[in-house]
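Chains as they are written, first to last, in the working numbering: chain A, 1 to 890; chain B, 1 to 890.
There may be inaccurate statements among the hints.
Chain copies aren't distinguished; within one or between two, either way the pair holds.
Calculated pairs, BS3-like style, for lysine-lysine (alpha carbon to alpha carbon, straight line, at most 30 Å) [unchecked claim]: (1) 803 <-> 832; (2) 803 <-> 69; (3) 502 <-> 660; (4) 838 <-> 195; (5) 353 <-> 323; (6) 180 <-> 195; (7) 542 <-> 838; (8) 769 <-> 803; (9) 803 <-> 190; (10) 596 <-> 803; (11) 429 <-> 160; (12) 502 <-> 658; (13) 803 <-> 658; (14) 544 <-> 596; (15) 824 <-> 835; (16) 502 <-> 596; (17) 707 <-> 838; (18) 803 <-> 604; (19) 769 <-> 824; (20) 660 <-> 491.
Bear in mind the hints are in silico, worked out from the structure with no lab data behind them.
Number of protein chains: 2
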Amino acid sequence: MRYVYAFDYKHRRPPMDMKDLLGGKGANLAEMTSVLELPVPPGFTITTDACRAYMAEGWPRGLSDEVAKHVSRLEKAMGKQLGDPADPLLVSVRSGAKFSMPGMMDTVLNLGLNDASVEGLAKQTSDERFAFDSYRRFVSMYGRIVLDIDTREFDEPLEKAKERLKIDSDAEIPAEELSKLVELYKKIVKRESGKAFPQDPDKQLRGAIEAVFRSWNGARAIAYRVRERISHDLGTAVNVQTMVFGNRDDSSGTGVGFTRDPATGAQGEYGDFLVNAQGEDVVAGIRTPQEITEAARLASKSDKPSMETALPKAFAELTRIYKALEKHYRDMQDLEFTVEKGKLFMLQTRSGKRTAKAALRIAVEMAKEKLISREEAVCRINPAAIDQLLHPTIDPKAPRTVIASGLPASPGAATGEIVFSADEAELLKSQGKKVILVRVETSPEDIHGMHAAEGILTTRGGMTSHAAVVARGMGKPCVSGAGVVRIDYAKGTLAAGSHQLKAGDLITIDGSTGQVLLGRVAMIEPELSGEFATLMRWADAKRKVGVRANADTPADARTARGFGAEGIGLCRTEHMFFDEERILAVREMILSDDEKGRRAALDKLLPVQRADFVALFEIMKGLPVTIRLLDPPLHEFLPHTDEEIAEVAASMGASTEKLKHRAQELAEFNPMLGFRGCRIAIAYPEIAEMQARAIFEAAVEAGRRTKAPVVPEVMVPLIATKAEFDLVKARIDAMAEAVAMETNVRIRYQVGTMIELPRAALLAGEIAKTAEFFSFGTNDLTQTVFGISRDDAASFLGIYTNKGILTVDPFVSIDREGVGELVKIATERGRKTRKNIKLGICGEHGGDPASVAFCVEIGLDYVSCSPYRVPIARLAAAQAELGKSFTNEG
Amino acid sequence: MRYVYAFDYKHRRPPMDMKDLLGGKGANLAEMTSVLELPVPPGFTITTDACRAYMAEGWPRGLSDEVAKHVSRLEKAMGKQLGDPADPLLVSVRSGAKFSMPGMMDTVLNLGLNDASVEGLAKQTSDERFAFDSYRRFVSMYGRIVLDIDTREFDEPLEKAKERLKIDSDAEIPAEELSKLVELYKKIVKRESGKAFPQDPDKQLRGAIEAVFRSWNGARAIAYRVRERISHDLGTAVNVQTMVFGNRDDSSGTGVGFTRDPATGAQGEYGDFLVNAQGEDVVAGIRTPQEITEAARLASKSDKPSMETALPKAFAELTRIYKALEKHYRDMQDLEFTVEKGKLFMLQTRSGKRTAKAALRIAVEMAKEKLISREEAVCRINPAAIDQLLHPTIDPKAPRTVIASGLPASPGAATGEIVFSADEAELLKSQGKKVILVRVETSPEDIHGMHAAEGILTTRGGMTSHAAVVARGMGKPCVSGAGVVRIDYAKGTLAAGSHQLKAGDLITIDGSTGQVLLGRVAMIEPELSGEFATLMRWADAKRKVGVRANADTPADARTARGFGAEGIGLCRTEHMFFDEERILAVREMILSDDEKGRRAALDKLLPVQRADFVALFEIMKGLPVTIRLLDPPLHEFLPHTDEEIAEVAASMGASTEKLKHRAQELAEFNPMLGFRGCRIAIAYPEIAEMQARAIFEAAVEAGRRTKAPVVPEVMVPLIATKAEFDLVKARIDAMAEAVAMETNVRIRYQVGTMIELPRAALLAGEIAKTAEFFSFGTNDLTQTVFGISRDDAASFLGIYTNKGILTVDPFVSIDREGVGELVKIATERGRKTRKNIKLGICGEHGGDPASVAFCVEIGLDYVSCSPYRVPIARLAAAQAELGKSFTNEG
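Looking at chain A on its own, in the form it has when it is part of the complex (with noise of 0.2 Å):
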């Protein structure tokens, strides 16, 4: 078996397609060099055959030949030696696994140092301080990584050494006091590892290869594959390359590039230059960078030469190979280089890490240029990403004074005053003010506050809490679960750390990353551009599922139709109980002893209620609109505080004592599992019966307005058995032939329920008898199928996540294991019975791409999700379609 193979192997296959074998980097290393043919340091791959042999039984055989063979050929090619007094080939020896892996050992520099070489080296770079530095670290290095020397025993006399110098920075270190490191960190060594620090360069490279090896099972490398699902067996490859120096002199130099710019996706050379520096002096930022084009020093102003001036011979062959890798990857490449003494040399290239909007024009004008078909465009864009464009962001360039981390549970960033109540948030709002909603957590009485805040934080609840679900819905920020914020509601107070704010106070959310910021903080405000129209509509091509939103109100129906929504696939009719005219009503209801004070009460919210669906029907016209009757547990919409009840009891006419008594009768101790849903129509048909009066008589006059007919779809929530359901839509069918007798118009509409319990899951078959279209409730499929209150799962979700028990949350992506196959059961089932049932999905799930490629494959019609995820979706639809995610990350 082979175990070496020479950059510059022409391999039978693209080495890219030989991770397996050569490990990632040493896959890109071969390809730059044998397929590519661009100028890499030589230098060559051990594999992970190697690596496993290895591990199955120590050092391989033949393995110390073939990497002497290898090494002869690197000291012919670069006509120097490993260990060389005059001038001496120094390699760097990288591991690079199938799969990038923090834990194992990166990198040693520098290796063929030694007391004879490191003269060499100084004489070559005419730079002694430059040879002892590289010396010292490399001591340090291969003793911390392969002799497993604590790293504080190399820092201390580091850190003694500046105090005595009394300097600040590594850089000032003179090169005699280097030596005198090194020279102590050789005793260090041997000290600590009982042998002394050797000074044959074979016994380095052997010492660093095994090292490598052994990398691949220390713990963190092993506690990262468990987490990350990645088999054990694997094994690393060791990548061996020639150093090369862009500090020798001023014909040298070293760079970074982009072969279009990150941020925009200008076309165009990009990147960052040091005449006669050192990768590392780029990354430090030590030094001013000068400009690759002289094109872009014109633009930024700068009196430093560009690349393109001080280097040109280097500059054009830069030129060429941006080209060239762009046309071999057909992607943006993110790429390293060095100059020796006026020779290019190429470190890496892999595609480069860009902003959204930047990933949307390259991926359009690269399909524009023919460089990669519309599809692959597509399929470029992390759908993930397109919120950026959709919402204000915080500049990455302003300053920022974070107190306080939560979920980032509703995207964008806001500025404002902080309130602690809904009322307040829209008392300061009518007053022109910018408010941030801040509470611990948020319930349906705090809708018009959410509306008239710029954004919402709370203290408490997870990914899918109420705050989290509605913010999203409204496209507002919303940080929640920030735990470490205490709020004191009496004094209207907030504390996080050490810092103590008031009412009134300027705070700033970052609902894309949960951070809690002071005060005011610049942001860059979203600006659609044309490719995203353009992505879009490529993406929409090749979609076949459709996309609908979850919109209750007509301002939701407005931006849902803006973003591209085909309809509503959820309207939540509980959330128009909330205002403030209505609630006393529905008040009202609840507290009647008898049908016939809530048939009263209902007669008061059925006009409304119909106002409400026919402004829906009007700006969805000739689009499906799912409506779900109510489904909260009532004692939602009953004041909770004395106060307020004392309010309510005052302005209804009822006494305390009843509307405290109804109220204790409706508490319950898991909401989530109680008289809610389908329930409340069986124990109150009249509920349901007025709302399905309300739909039908709007669906009557929307459709003489807009002369489209709108299509009603009733759907009745938080069904387990058929009995259930049958009840419910008899009571509705009966209304649509009262209010068809009524007006003279028979509408189309039809029935259904919601599938968001398991057993209802199970029960398809039976259920779609009568039902006319399932929508999975997944939120509380997942609830239930878990075993796992949203509001309740911030105390132990984030401990699963750390300990690699659940890898992502299943409340933002669907269970495919668990949620996934009781959805393809009951879509299994559902079809066998009724073949044409119309199935989607309205969870949370709707909008989040990896759930909506499960709902393509398993075929569902159509996914519905929040107004502003309704792109996302379109896009993550056509990704699934198209039978891929998004690939556009190295």
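Keeping the supplied structure of chain A fixed, place chain B upon it in accordance with the hints.
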């Protein structure tokens, strides 16, 4: 097609197998007449075929002829003619569907009476009053049932007549007044139906037959069939039968009888008899009935002659029939008979209802008499009724004042003083008083009070609420969810309707019926007869599935063994945490800020927990014991009221602030779906470690003492993913290893999990890779599959069963379609992965006969239930094994 069969028609099959055609009543009459050849008043049955034909296309062709032919056959046999003015033949017309069905036409008696024949009846019975009363009843019955006239039309003149005559009872109305009423009734019929009351008996008969047919589609009958899932296509049969009169003279009479004593099961003729009387006289209880046998007369010291003396010939015949009936039906019979002029007529026979005690004695004795097999004897006992034998019951003869009704949560009855807190219960108990603990609901903190109380009454919660489950476990009576009862803890009072009671007042609760009674009520103490042991022995001989008990304390464990448990299927370790001396350490653990603090507190708990297990292991010596790790949310252990918090804070030396804050932190919206089960073991592994150590150390110690090695089964609760299980199992295994090293004893043990979440059921194949046993926690599985919190279900579950949405509370009897399918899926997937995986059930369903049958069907290895239900489970399991459920109710 033939539509009519005489009772004496010789069918080819036993008539009792022909209920589809003849209906239940018709089959019974035909069986008695044609097979047993008993003296039954002759008659004929019009088949369900005729009813179906009538529903499809009106009065069937040829039916009139067939009826006429059979009527004249009757006339010949009786020597009388329908409508004969001298000595008329009278008949009854009764409906009789396959299943007895409320809401259908029941009976028209005395058909054949008209203005002329009433005189003949008067003459023949020498009782003008009787004749006219019969006629009056016939006219009103006919008017109401056949002609659909409102019953009030007939009731009103009757009431007025009584007012006028100043008499109270119908029986006092003289003949001439009855004659006038008949005339009035006929006018009412004319007015209301538009037609004169038919004088022609043939027309009367046809009208009655049609009325029976029509009643099949009456609203109440349809609703009943929907609820009971009876097909609407069955139709009903109609029975026309000669009337006989027990009130003709002193050689006539009527009676009811049982072939054995229905209260005790004792052998011998048993019954009541009245000379010169009609059946309704016996039922009305106006006259004191006479005994059947002379022996019984002597025993009851009655001065009225027994039937044996008064009508010796009829008695001899009856005695013969008693024997023949038992021999034929092979069960105790409940029969009705009439003697007309010395001739005995059998009117009905059916399996007799009996007490559990009688059922047991009859079944065992019949098996010993070889009348039935032992297997049949086992199947004759309703397992649910065994509860009656194990608990005191309220004397059915005792007067009672029911002040409220709740759910029959735990069987048995108890009397005691009202107490409103657990501490008070304990205090009064220590003073020798008997108390009933009355709470809105109970929580684990009330355990000591429940132990001290005779019974528990709660105003909230269902059949599987905390109170219900714990009470059943303790074998104490409990009425739960008595919503009408209002408790005022502060005042120490309760109100139930108009009744106001205070602490210290006596009440009695009947946990078998759910009744709450005022004061002390007479009880019957249970008595375990020799037949009980015999029958259980026969049952065990047939049973294959194991029966274990859910037992948390040594007392539970002892009771369980006494009732024949074959191990412990569920030991809830948290119940051990509430003991007053331990709760402090538990709270200390919860309040600790770090692992070190928690470990210190756990160190205090280790010895007590170990001692608990040692005791359990010793009692169960050699039998398997399944111990579940800590399951409930931690906040259940913290105090709730300000007072309690202050007290605990003081005794712990912690600040009230801190305690409150921690309690707030731990509070949850939906604790059922919160931070509990294995989630605690994942977050605080040290708790699981302490418990595992306690288990293994106890196993070593108990093994040393008893010389019988225990096999602990350590159970991880609330698993949703394999990763959770593996993490916790690793800790348990490590503890086993540590204890083995320390003690030099290696314990055989298993680690398994509860399957109580839908996801665990679906992923059972995965989980079984490492889990060695599954125990189905069907309580929680029912909660999550249905999305119903058992603590909150009371508010709508009643409506659900009333409306027929659910036929049975799914927390009482397993839902085969939903929960059952998941249990089956988990069983199949678990066994596919691990062939010999041990499977059991430990939810409340483990003690429910129908659920036990399900467990036997799907092949579980054992069921586990509360100790008092162990005999029930043993019997139910045997019956399931024999492929049938009990069958003694006619």
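Legend entry - Identical-chain pair category, residue 803 with residue 658, by Cα at 30 Å: between (49 Å within a copy, 28 Å between copies)
Inset, instruction - First find the shortest C-alpha distance between residue 803 and residue 832 inside one copy, then the shortest across copies, and answer within, between, both or neither for a cut-off of 30 Å. - result: between (41 Å within a copy, 29 Å between copies)
Legend entry - residue 502 and residue 660: within-copy, between-copy, both or neither at 30 Å Cα: Classified as between: cross-chain Cα gap 23 Å, same-chain 32 Å, threshold 30 Å.
Inset, instruction - Please work out whether the CA atoms of residue 502 and residue 658 approach to 30 Å or closer within one copy, between two copies, in both situations, or in neither? - result: between (37 Å within a copy, 23 Å between copies)
Inset, instruction - Tell me, please, which holds for residue 803 and residue 69 at an alpha-carbon limit of 30 Å: within, between, both or neither? - result: Neither way: residue 803 and residue 69 sit 45 Å apart in one copy and 87 Å across, limit 30 Å.
Inset, instruction - State whether the alpha carbon distance between residue 596 and residue 803 is at most 30 Å within one copy, between copies, both, or neither. - result: between (56 Å within a copy, 20 Å between copies)
Inset, instruction - If the cutoff is 30 Å on CA atoms, where do residue 544 and residue 596 land: within, between, both or neither? Let me know, please. - result: Neither. Shortest intra-copy (49 Å) and inter-copy (57 Å) distances fail the 30 Å Cα cut-off.
Legend entry - Same-copy or cross-copy closeness of residue 353 to residue 323 [CA-CA at most 30 Å]: within (18 Å within a copy, 96 Å between copies)
Inset, instruction - Give the relationship of residue 542 and residue 838 under a CA distance limit of 30 Å: within one copy only, between copies only, both, or neither. - result: within (21 Å within a copy, 51 Å between copies)
Inset, instruction - Tell me, please, which holds for residue 429 and residue 160 at an alpha-carbon limit of 30 Å: within, between, both or neither? - result: Neither way: residue 429 and residue 160 sit 59 Å apart in one copy and 76 Å across, limit 30 Å.
Legend entry - 30 Å Cα threshold - placement of residue 195 relative to residue 838: Result: close neither inside a copy nor across copies, 74 Å intra and 57 Å inter.
Inset, instruction - Pop the pair residue 803 and residue 190 into one bin, within, between, both or neither, using alpha-carbon distances up to 30 Å. - result: neither (39 Å within a copy, 86 Å between copies)
Checked against the numbered hints above, the structure breaks hints 2, 4, 9, 11, 14 and 16 and satisfies the rest.
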